[in-house]
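Student: Given the sequences, and given the hints that come with them, work out the whole structure.
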Amino acid sequence: MEPSWLLGGAALLLLLLLPALLALSPAARFQLKIGFYCVLCVAASALAVPLCLLRHGGRTVRNMRIIKNIVKTFKYMYGLRFEAKGLENFQVEGPCVIVSNHQSILDMIGLMEILPDNCVQIGKKELLYTGPVGLIMYLGGVIFINRKSTSNAKTVMSGVAQTMLDENVMVWIYPEGTRNGNGDLLPFKKGAFHLAVQAQVPIIPVVYSSFSSFYNPAKKLFISGKIRVEVLQPIETKGLKAEDVADLTERCYCTMRETFFRLSGRASEANGSMQGPQQ
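In this text, residue positions in the sequence shown follow the UniProt record's numbering: the first is 1, and each later residue adds one.
Note that these hints are calculated values from the structure, not bench results.
It is possible that part of the hints are untrue.
Claimed, not checked - With a straight-line cut-off of 27 Å between C-alpha atoms, the simulated DSS-like cross-links for lysine-lysine are:
(1) K125 - K72
(2) K85 - K189
(3) K219 - K33
(4) K226 - K241
(5) K72 - K226
Said to hold, decoys possible - Restraint-style ranges between C-beta atoms, simulated for each label pair:
(6) L127 - Q31: 16 to 24 Å
(7) T255 - R55: 37 to 45 Å
(8) L53 - P217: 32 to 40 Å
(9) C38 - N146: 21 to 29 Å
(10) Q233 - Y129: 37 to 45 Å
(11) L54 - D184: 41 to 49 Å
(12) Q162 - A246: 21 to 29 Å
Cβ coordinates follow ideal geometry from the N, Cα and C atoms, glycine included.
Tutor: Given below as structure tokens:
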């Protein structure tokens with residue numbers, strides 16, 4: 001299902017607003033585009049909720065296909081183009097942990113552009129209470145965790161591992177733990193890697209190129225642009241134990257950081273390791 005009428009209506013609205021947008025200052029244009037994006041997310045969620053309920057009756061990862069088809073139309077409204085490589089690396093048997101870099105609120109568009117079937121995300125529990133957006137996340141099978149819990153990453157992820165194995169799903173995690181648009185990768189937290197080792201499932205790294213050439217909040221920049229994304233080969237975890245998690249995290253970080261700089265046209269900067277201990 002491709003909601004062409006939603007795309008057409010939003011495109012018409014943007015066309016009508018175009019003269020006003022051109023007359024605004026860069027800062028005002030930036031804020032207006034962000035505001036429209038937030039409204040679009042709420043409207044799309046409100047549209048998807050009844051579609052998911054009618055199609056599948058309740059919470060299931062199969063609803064992600066409906067959500068994906070709606071969100072994929074957003075790229076046309078903002079002039080975003082994707083060049084994806086390595087999608088065949090998603091073709092693994094059974095559950096796995098997918099890790100990717102996390103740059104901005106636009107990551108959702110990039111996520112849905114390549115999201116494989118039978119894949120859910122990890123989300124902070126607070127998102128469950130964000131109206132239509134929280135409801136559609138719930139219906140899509142998102143696994144909510146309490147990030148304020150005093151438990152360490154290993155304990156928190158043990159429950160997620162059981163859910164992943166019981167429901168036979170892939171899990172998508174942002175190991176940086178927060179959005180980061182500084183042109184580099186933040187040190188990875190170890191939760192995703194504890195999860196993969198506990199469940200003895202492979203890790204699939206996914207890397208998106210830097211958004212800074214077309215999206216930069218500090219410069220109030222939000223224009224059309226191209227995003228390069230690469231799905232790297234799976235990293236096996238069979239036989240690894242808890243004491244191997246630190247090395248696994250470091251190896252994955254270095255590989256993804258090198259790929260990030262290459263995709264962003266800055267391969268010469270790809271050196272060094274993570275700084276500082278992460279939980």
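Student: None of the hints should be skipped; say for each whether it holds.
Tutor: Results for each hint:
With a C-alpha separation of about 25 Å, the suggested pairing of K125 with K72 holds against the 27 Å cut-off. Proximity of K85 to K189 is assessed by CA-CA distance (about 26 Å); at most 27 Å being required, the pair is judged to hold. Only pairs whose Cα atoms come within 27 Å are accepted, and K219 paired with K33 is accepted, the gap being roughly 14 Å. Between the alpha carbons of K226 and K241 the distance comes to roughly 40 Å, so the proposed pair goes past 27 Å and is violated.
This hinted pair checks out: K72 and K226 have alpha carbons roughly 15 Å apart, not beyond 27 Å. Distance hint for L127 and Q31: a CB-CB separation of about 23 Å, consistent with the stated range 16 to 24 Å. Distance hint check for T255 and R55: the Cβ-Cβ separation is about 38 Å, which falls inside the suggested range of 37 to 45 Å. The hinted range of 32 to 40 Å is satisfied by L53 and P217, whose Cβ atoms lie roughly 36 Å apart.
Our hint of 21 to 29 Å for C38 and N146 holds, since their Cβ atoms are close to 25 Å apart. The supplied range of 37 to 45 Å is met by Q233 and Y129, whose beta-carbon atoms lie about 38 Å from each other. The hinted range of 41 to 49 Å is satisfied by L54 and D184, whose Cβ atoms lie roughly 44 Å apart. Take Q162 and A246: their Cβ atoms lie about 23 Å apart, and the range 21 to 29 Å holds.
Hint 4 alone, counting from the list given before, is not met by this structure.
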